[in-house]
Structures are given as structure tokens and as C-alpha cells.
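*Asks:* With the hints as a guide, bring the two chains together.
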Amino acid sequence: MNNYWNDYLSGVEAYRNGKYQNAIYFFEKSMSVIKFAGLSREDEKDTIETGYCNLGNAKKEVSDFIGAIESYKIALDSNPSRPDFEKLYMQLSECCFQLDNPESMRTAIKYLNICTNYFPNNEVAFMNKGIAYLKINDRNNGKISLESAKALGNKDAQRFINDFC
Amino acid sequence: MPSCAQFENYIEIKIKQNIMSIDLTNPLNDGINYLKEWRNRYSKSEYLSKIVLNTFYRQYAMDYIWDSQIINSFESFSNTESQILKAYQKLEFEYSKSAENFILDNRLESLIKEGMEIGGLNYNTSLPLILQAEKGNNKVVEELEFTYLYWLLANKSILMWASFGRIGYNYLESVTKVTNAIIKMNEPFTYKNSLNIFGQLIVSNFMDTKYVPLKPLYYE
Chain R
1 MNNYWNDYLS
11 GVEAYRNGKY
21 QNAIYFFEKS
31 MSVIKFAGLS
41 REDEKDTIET
51 GYCNLGNAKK
61 EVSDFIGAIE
71 SYKIALDSNP
81 SRPDFEKLYM
91 QLSECCFQLD
101 NPESMRTAIK
111 YLNICTNYFP
121 NNEVAFMNKG
131 IAYLKINDRN
141 NGKISLESAK
151 ALGNKDAQRF
161 INDFC
Chain Y
166 MPSCAQFENY
176 IEIKIKQNIM
186 SIDLTNPLND
196 GINYLKEWRN
206 RYSKSEYLSK
216 IVLNTFYRQY
226 AMDYIWDSQI
236 INSFESFSNT
246 ESQILKAYQK
256 LEFEYSKSAE
266 NFILDNRLES
276 LIKEGMEIGG
286 LNYNTSLPLI
296 LQAEKGNNKV
306 VEELEFTYLY
316 WLLANKSILM
326 WASFGRIGYN
336 YLESVTKVTN
346 AIIKMNEPFT
356 YKNSLNIFGQ
366 LIVSNFMDTK
376 YVPLKPLYYE
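One line per chain: the protein sequences are R and Y, in this order.
The numbers in my numbering rise by one with no breaks, and the one at position 64 of the first sequence is 64.
The numbers in my numbering rise by one with no breaks, and the one at position 176 of the second sequence is 341.
Looking at chain Y on its own, in the form it has when it is part of the complex (with noise of 0.2 Å):
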């Protein structure tokens, strides 16, 4: 997990230079050192089974504080803290408090391998890439290595989406100062919805600018 410092400083530093969206350069940089941390710690399949948990582990933790805390944040929550920073460190926390609950028992395990949809991913998806990375296919591989540095920064820029609201501005004002684009909505905001939101707004554009794929995990 990025340390709520880390975020402290390049928000500040953004918000006093007043540009508007975020910087996603240090949840990016956080993302690469868990896999690079994984490839030397795990076996190589192993390792493609970790990422896809690990974004799974991700998907449920936040699905779960979904109407408590993220969306409450713009309602219960809404104008109840002055300071952004503080407003993230508190969802931080509570998105930590709710990563916990899939923790004990295989819980995570027996959740993902029964194939529900959460926020927009289906592991019976990821099934059949593992698979195909296990055979040493390092294009896979680096799909799925994007895919889970994908959902980690849309889930970090909806974790920031909800601090905005906590500090008084609506929902759309606080899309606008994440993505610096203006939309407009139809219909509630749901958690699968602002995945694709942020993935589209932000995340994609970010990625095609910041992205290095790791080396091969296979050699030749």
C-alpha cells in the first residue's frame, strides 16, 4: 500500500501550482514496485495468480465501502473536513479497515473463483490469461501486469473523487478536479460506472503517456 505521505506531497504541490486533475505518477510508481517485489518473491506462476488476486483483493475492498464511504462522501460525509489530504487519508484508512475483511480464511479465494462480476472485472476473465501467461507468453503477462496497475490508479483517482466531496464539492465539481473534465450524468453513480469513468478520463490517457511495460518474465 502507497503511505498516505506519499500522496500528501504531490496532491499538495498540485493543488498550490492550481492544476486541476491529479498526478498519478506515485500510485504508478507504487504499482511497479509491488510487482517487481512479487516477480523476486513468487515463482513465475505464482506471481500471475498474485496480480490477479491482488486486483480482485482491490475490487472487493473498495465495492465494499462503496456506499458507505465513497458515496457517502458526498452526502453523510459531504463538508464534514477542511483539508483534502486528511479527507484521503480517512478513506485510505477505511478502504484499509475493509481490505482486512477479505483477509482471513480464504475468503478472497472463495469469493473471486466463484465468478461474480465486481465493479466491471469477472475472474472467470482472468481465468483463461493466466493460463495463457503460464506458458510463458509475455505479452499476456504484460497484460495482465497493465490491467492490475490499470484498476489500482482508477480505484486511487475514485478514493480522490470521494475526498473532494468530503471537503463540500458535488459529484460532478469533484470529477472535474481529478480528471479536469467536465461531464455530465444520466445516472447514479455506481461503483462500476466510475471505474470506467476515471479509467477513461484519466487513467487511459495517463497510462499511455507513463507506462513501461516491466521486462520479459519469460527469456527466450
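Bound-form chain R, shown alone (with noise of 0.2 Å):
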């Protein structure tokens, strides 16, 4: 048994207090050697999860929005439907939304299909899901995403479709 864990509450504690760097750093150790941790695969499967999104979290604080995506990847590409990751992927496309790119829409897009289809009653994620569609000018898509949004009860999303679709 290596020190993951210390590492990971190390991890926890600076996130908590603020310290990002640290928490990133300490975080980022403790996935390092998480192979060698003797843990049930089980029990490995769950702390990746949990890391890479407090790792994310971490990295979106500090505005590495690369990073922290890249983060969120492997948290939901591990559990998808998992749901207390229903709201990873609003923090997922918030990353993308930063980083306002042709590709990094692909992502949110891509990230919030799988959204919708596990949380089928996320009027945010239809809400992002519309919005990322007509950055990349699709707005078919963008239109049945923010219709979506609008059954689901969104205010905005009339004005949205008015106004870009």
C-alpha cells in the first residue's frame, strides 16, 4: 500500500482551503500511483472517478480549461451515468464554453449527447447543448436542442431560438 490517499486528502485539503496549485499537484500524485495502490478493482475504479473530477475541478479554478476537461474525460468516459456526474458535464461544457473553439464545441457537444441521454430531464444541459450547436452554426441541431430545453420548462431557450435559429 503506497500513500495514494494521503496524497488524495493532501489533495482534498488544499482544494478546500483554496490552495488550487497544491491540490492539483497533490491530486495528479495520487492518480500517478494509483495502479500500484493494492485496491479492489473496484475501489481503484471509484477513485479514479472521484480524483480526475476533484482534479478537474481544481484545474478549472485556476483557468487550465484544457486541463480540467481533459480531467472530466476520464471521470465520465469511466462512469457515465453516474449520478452524481450528472452535473460534471454542465462543468465539462463550461470549460468548453471557455475556451469558445470550433473543437472544444464538438466536446460539449459530444459530452452533453451523453448527458441528455442519461439525464433526460437536464433542461441546462439541452439549454448548452443548443447553444454549443449554433456556435458551430448547426442550427437544425440547435433548434431540436433548445426545443428540448424549452419542453423541459427553460425560459431562455424561446428567446434563443427567435433570435438565432
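Worth double-checking, as some hints may not be accurate.
[Said to hold, decoys possible] Here are the simulated lysine to aspartate or glutamate pairs, EDC-like style, with alpha carbons at most 20 Å apart:
(1) Y:278 to R:147
(2) R:35 to Y:240
(3) R:135 to R:147
(4) Y:262 to R:49
(5) R:35 to Y:259
No lab work stands behind these hints, which were simulated from the structure alone.
*Replies:* Encoded structure:
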């Protein structure tokens, strides 16, 4: 058994105290040795998912949006339907909007599609997906997503449809 | 960085002579030469910051490889080498690779200024010393220089300790190989407690006998 857990806890402590660079350092270090920790497959998977989720959050705090997206992707790819990851899709899409380029919009769309597949009542996911489609000039899919958001009760969706679709 | 060739020489000699504890003379000399070089290259205040920065640089680079390379020397990498010098070279190489991660984008400065403890050291406790030293306090300058050398040697001792793991010795046997002391441990080896162990068992005594302070940085 190595010290992965101490590093993980140091990462959590650093994050809670707003020491995001050290949070990144400790989470990265913890994840780099998780394979040697002697955990059961299930525990290892769970630790990787939460570890990369935390790492993504810390990177987002220091505006390392590319790094945050990569971390979120690892967590989400490992367990796309995990209930507490519903908001992680939103955080990933926020990072993609911060980067605001065609590639990041396509990444946002890919993961928001997965999100709405598993969490079909998430109006914000449909709204964000609609906006991401519009950003790459795909008005048809943009409109479909915005209409779904509207159907779920989003009050801004109709304005976007009127203005951009 | 001291070259591996320098370490090869004295490790080999000591092993041939069957003297069990390692000799830290070469790493100490290398450390002193670095200090002299920085004194020539930088202004006085830059020099003082440089000492502290480099102390933490080594702490982070070593801490990062603690599990993957150091502890694993007694587990996954145990008995994977037949020669202590080869093992040592590999560990130095891994340390150097780790150190590169902290050079870019002022990452090290960002890390240390957040004031997290790393291997028992905290930048927040060094900061007042830098401020005092900058006012011309030679005693504090020497304290900073001594601290740099002390942690350098403690970290070198850890690399040597792990090298013995790679040629098949267990944790405690390797401590004996490095320090000539037999110890018992009731807790796992962490980076922090290992620095303390090697600091107390070998570095302190060595510094007591071999360390000579540099000439004062500030003249009257």
C-alpha cells in the first residue's frame, strides 16, 4: 500500500483551502500511483472517478480549461451514468465555452449528448447543447436542443430560438 | 546537479572497503559549489530567494516520485537491479525527470507561495528568514544556506536508500546500509518521516563534522 490516500486527502485539503495549485499537484500525484495501491478493482475505479473529478475542478479554478476538460473526460468516460456526475457534464461544458472554439464546442456537444441520454430531464444540458450547436452554425440541431430545453421549462430557450435559429 | 559519475566513485570505494554507511562528502561539496555559483551570479536578494526556491524545488520533485519510484524500489522494483550504481543512476534519472515538471510557467513559485507543507517544509516559515537575511543578517543567511545543504543531503540519502531496495534489501536493511544504524519502524515510511530519519541518523552528524560555513554574504 502506498501513500496515494494521504496525497488524495492533501489534495482535498488544499482544494478546500483555496490552494488550487497544490490541490492539482496532490491529485495528479495520487492518480499517478493509484495502480500500485493494491485496491480492489471497484475501489480503484471509484477513486479514479472522484480523483479526476476533483482534479478537473482544481484545474478549472486556475483557468486551465484544457486540463480540466481532459480530467473531466477521464471521470465521465469511466462512469457516464454515475448520478453525482450529472453536474460534471455542466462543468465540462462550461470549460468548453470558456475556450470557445469549434473543437471545444464539438467536445461539449459530444458529452452533453451523453448527459441528456442518461439524464433526460436536465434542461441546462439541452440549453448548453443548443448553444454549442449554434456556435458551430448547426442551426437545425441547435433548434432541436433548444426546443427540448423549452419543453423542460427553460425560460430563455424561446428567445434563443427566435434570435438565432 | 551532481553527476552520477561522482557518486559512482565514492559509493564504489566505500562498498569495496566494506564501510557500511555512505559518505556524503561529494554531495556536500556539490551543494556548496552551487551556493558559491549562485552568489556570483545573482544579486544578494535574488540569491536568498534562489536558495529557498531550490530547496523547495528538490522537495517537490522528490515528493512527486515518492510512491512511484522510492517506495516502489522496495516493492515492484525490488530486486530488479544487481548493481547499486545502476540502481542509483536510474533513481537520479527519475528525479531529474520529475524536476522538469516544476520548471515551466513558474509552477514552482505558484506551488510554494500557497504555503503547503511539503516533506516537512513550509514556505511560510522560510519567508521571515528571507526578509531578515535581506536586511544584512549574516547569521540568518548562513541558516538558509545550512538548511539548503541539510535537505539536499537528506534527499540524496533517500535516493541511496531506495537504491539498496532495488538490489534486494528491505526497507530497514537499506536504512542500515545507508546510515550504519539499526532501527525499528512502527509506521509506514513517508517522505516526511524518511527525511527525519536520514536527517537524524546521518546528515546531522555528518554536517557537525564536515560543514564549514561560507564567508559572510554581507560585509560590515
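*Asks:* Does each hint hold? Answer for all of them.
*Replies:* Quick rundown of the hints versus the structure:
1. Y:278 to R:147: Violated, at roughly 49 Å.
2. R:35 to Y:240: With a Cα-Cα distance of about 13 Å, the restraint between residue 35 of chain R and residue 240 of chain Y holds, given a limit of 20 Å.
3. R:135 to R:147: 17 Å, holds
4. Y:262 to R:49: At roughly 27 Å apart (the allowed maximum being 20 Å), residue 49 of chain R and residue 262 of chain Y break the hint.
5. R:35 to Y:259: 18 Å, holds
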